[in-house]
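Residue numbers (full-length UniProt numbering), protein chains in the order written: chain W, 1 to 351; chain R, 1 to 144.
Since the hints were made in silico from the structure, they are not lab data. There may be inaccurate statements among the hints.
Claimed, not checked - Heads up, incomplete: computed chain W residues facing chain R, CB under 7 Å, no partners named:
#1 Asp212
#2 Phe226
#3 Thr272
As the list claims (entries may be wrong) - Subject to a maximum C-alpha distance of 30 Å in a straight line, what follows is the list of computed DSSO-like cross-link-like pairs (lysine-lysine):
#4 R/Lys136 x W/Lys224
#5 W/Lys224 x R/Lys110
#6 R/Lys132 x W/Lys224
#7 R/Lys39 x W/Lys147
#8 W/Lys266 x R/Lys136
#9 R/Lys10 x R/Lys132
#10 W/Lys91 x W/Lys128
#11 R/Lys39 x W/Lys324
#12 W/Lys181 x R/Lys39
Keep in mind it's a predicted model, so treat the numbers as computed, not measured. Positions of the beta carbon are idealized from the N, C-alpha and C atoms, including for glycine.
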Amino acid sequence: MRQKTSEPLFKDIFQYGSDAIVILDDKGIIIDANPSIEMLTGYCTEELIHKMSLCDICHGMERCADFTVCINCFTTLESMSSFKIRLLHRKGHIFSVSASTTRLPQNAGGFLIVVLRDMSEYNKQDQKYVQKKMANYMIQAQEGERKRVSRELHDGVGQTIYSMIVGLNIIEQMELENDLKSHFQLVRDMAVQALSEVRHISVDLRPSSLDDWGFVPALRSFIKQFERTYGIVTRLSVVGQERRYGASIETALYRICQEAMINAAKYANIDTLEIHFEEQDQLLYLAVIDLGRGFNLEKIEVMGTGLGLYGMRERAKLIGGTLKITSGCDHGTTIRVYVPLGKEEEIIHDH
Amino acid sequence: MDTLAGVINKYLEELRQRTDADFSAFACQEPGEAVIRWKYAVGNKNERFRRIVLRSGKGIAGKVLMAGRPMILENYEHRQHDDPQEYPILYAEELRSALGVPVLIAGRVKGVLLIGYRNPCRIEEVIVGLVKQVAKEMENIIGI
Numbered sequence: 001m002r003q004k005t006s007e008p009l010f011k012d013i014f015q016y017g018s019d020a021i022v023i024l025d026d027k028g029i030i031i032d033a034n035p036s037i038e039m040l041t042g043y044c045t046e047e048l049i050h051k052m053s054l055c056d057i058c059h060g061m062e063r064c065a066d067f068t069v070c071i072n073c074f075t076t077l078e079s080m081s082s083f084k085i086r087l088l089h090r091k092g093h094i095f096s097v098s099a100s101t102t103r104l105p106q107n108a109g110g111f112l113i114v115v116l117r118d119m120s121e122y123n124k125q126d127q128k129y130v131q132k133k134m135a136n137y138m139i140q141a142q143e144g145e146r147k148r149v150s151r152e153l154h155d156g157v158g159q160t161i162y163s164m165i166v167g168l169n170i171i172e173q174m175e176l177e178n179d180l181k182s183h184f185q186l187v188r189d190m191a192v193q194a195l196s197e198v199r200h201i202s203v204d205l206r207p208s209s210l211d212d213w214g215f216v217p218a219l220r221s222f223i224k225q226f227e228r229t230y231g232i233v234t235r236l237s238v239v240g241q242e243r244r245y246g247a248s249i250e251t252a253l254y255r256i257c258q259e260a261m262i263n264a265a266k267y268a269n270i271d272t273l274e275i276h277f278e279e280q281d282q283l284l285y286l287a288v289i290d291l292g293r294g295f296n297l298e299k300i301e302v303m304g305t306g307l308g309l310y311g312m313r314e315r316a317k318l319i320g321g322t323l324k325i326t327s328g329c330d331h332g333t334t335i336r337v338y339v340p341l342g343k344e345e346e347i348i349h350d351h
Numbered sequence: 001m002d003t004l005a006g007v008i009n010k011y012l013e014e015l016r017q018r019t020d021a022d023f024s025a026f027a028c029q030e031p032g033e034a035v036i037r038w039k040y041a042v043g044n045k046n047e048r049f050r051r052i053v054l055r056s057g058k059g060i061a062g063k064v065l066m067a068g069r070p071m072i073l074e075n076y077e078h079r080q081h082d083d084p085q086e087y088p089i090l091y092a093e094e095l096r097s098a099l100g101v102p103v104l105i106a107g108r109v110k111g112v113l114l115i116g117y118r119n120p121c122r123i124e125e126v127i128v129g130l131v132k133q134v135a136k137e138m139e140n141i142i143g144i
């Protein structure tokens, strides 16, 4: 026979337990509650006991996808384990707590014991974790898709148009009436135009030079395009010997740099932009420096979708790096990325 | 100065004042080139416009050139999901409303006349008419 635990111990458990425990009578009136309820709901036990019913602060229950209010209310049911109810805090906001109920047998009064547990901290952590996983997944998926479409455009459509141009060139060499000839010329010019469009779109999506030649050469050609697109003179300084890094590192650096440059072009109101890249003691350092308008880091007015900065951070984190932004009104903005090289470099090779 | 540049700049400045615009510019396709550049501008904040090279069909100039019709952008919000590459001149000059009108050279659309406002404003029919008229006048000069 198990030794009977003393009654004072039960009282202590009730008194000091971190879960809020509420005891309801058959009408739902709170006939007892432990002090933890105050932490949870803001109401102290004196305000609750014999004065309020749980219904006064209950805003319905959630079970998986279900959400019900008062239909099949748990206070009318037998014991239930693990569900969520929404409670109204004394300060007026509604929040979710996990709950379980135990119906005491009739000979013990038939009371309903409701145990409430605050899950908000856990939920927050959980949400963050899921969000991070999703963000990473989306970055990977987007990159993969871009790569595929880019290749297909370049090697498929691009090649076909190229063959068409060759064919049209051959026709032009033939002896034809003049107006027919000029027609063919026009068509050839259009095909040349289409080929250049297709190549541009392909490079825009994801330059094959990133896979074939690496980060710095790919960045160089992006800078060329960037200058022509936005009219911003861009200077790139590379310290140390150029070499290849893991595919995911190169992709992340390229995308971060691209995003930072486009942000500068959009918001900084600048004529020139500086980019610095170096490798030192197993650490990669990339900086995009503008001397433009700058912004207040404390309260970033979201001018775009607001996803740009978030995306850059996520990309940096994904390769084990860190991203630092310094900016001040009229002092310009500097985006710095530090990526330690090491074991990760060999592990992440998924592009 | 009676050079072509001087004359065009004079036209642009006059147009800018008459339309109460912040910025006015002229873009054209160089002979034998597939790209379009902003050749002249007044009221510019910086020199970015000179370096912008538009592929055909890109940017306001490219679109006007391709369609041969005026194009109006009103209250252009940078937060829109539009590709910033679409309208680089709006970013370079921080314009919120703009109007582009085709300029014909020898019967073919070869140039684009643009006015831009840094405040988001509506571009009235009168303004469109005015810019079209100036575009016609410029056709005669550049055509020679």
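Each hint tested on the structure:
Of the supplied interface hints, the one on W/Asp212 is violated, with its beta-carbon coming no nearer than about 24 Å to a beta-carbon of chain R, more than 7 Å. Of the supplied interface hints, the one on W/Phe226 is violated, with its beta-carbon coming no nearer than about 10 Å to a beta-carbon of chain R, more than 7 Å. Hint on W/Thr272 is violated. Least Cβ distance to chain R is approximately 10 Å, over the 7 Å limit. Of the pairs offered as hints, the one joining R/Lys136 and W/Lys224 is violated, with about 36 Å between alpha carbons and a cut-off of 30 Å exceeded.
Note on W/Lys224 and R/Lys110: the hinted pairing holds, with a Cα-Cα distance of about 26 Å set against a maximum of 30 Å. A C-alpha spacing of about 35 Å is found between R/Lys132 and W/Lys224, which places the hinted pair above 30 Å, so the restraint is violated. Restraint check for R/Lys39 and W/Lys147: the C-alpha separation of about 36 Å exceeds 30 Å, so the hint is violated. Pair hint W/Lys266 plus R/Lys136 does not hold up; C-alpha atoms about 33 Å apart against a cutoff of 30 Å.
For the suggested pair R/Lys10 and R/Lys132, the alpha carbons sit about 16 Å apart, so the restraint of at most 30 Å is met. A distance of roughly 26 Å separates the Cα atoms of W/Lys91 and W/Lys128; the hinted pair therefore holds under the 30 Å criterion. The straight-line distance between the Cα atoms of R/Lys39 and W/Lys324 is roughly 39 Å, outside the 30 Å bound, and the hint therefore fails. Distance restraint check for W/Lys181 and R/Lys39: the Cα-Cα separation of roughly 34 Å exceeds the 30 Å cut-off, and the hinted pair is therefore not satisfied.
Comparing the model with each numbered hint stated earlier shows that hints 1, 2, 3, 4, 6, 7, 8, 11 and 12 do not hold.
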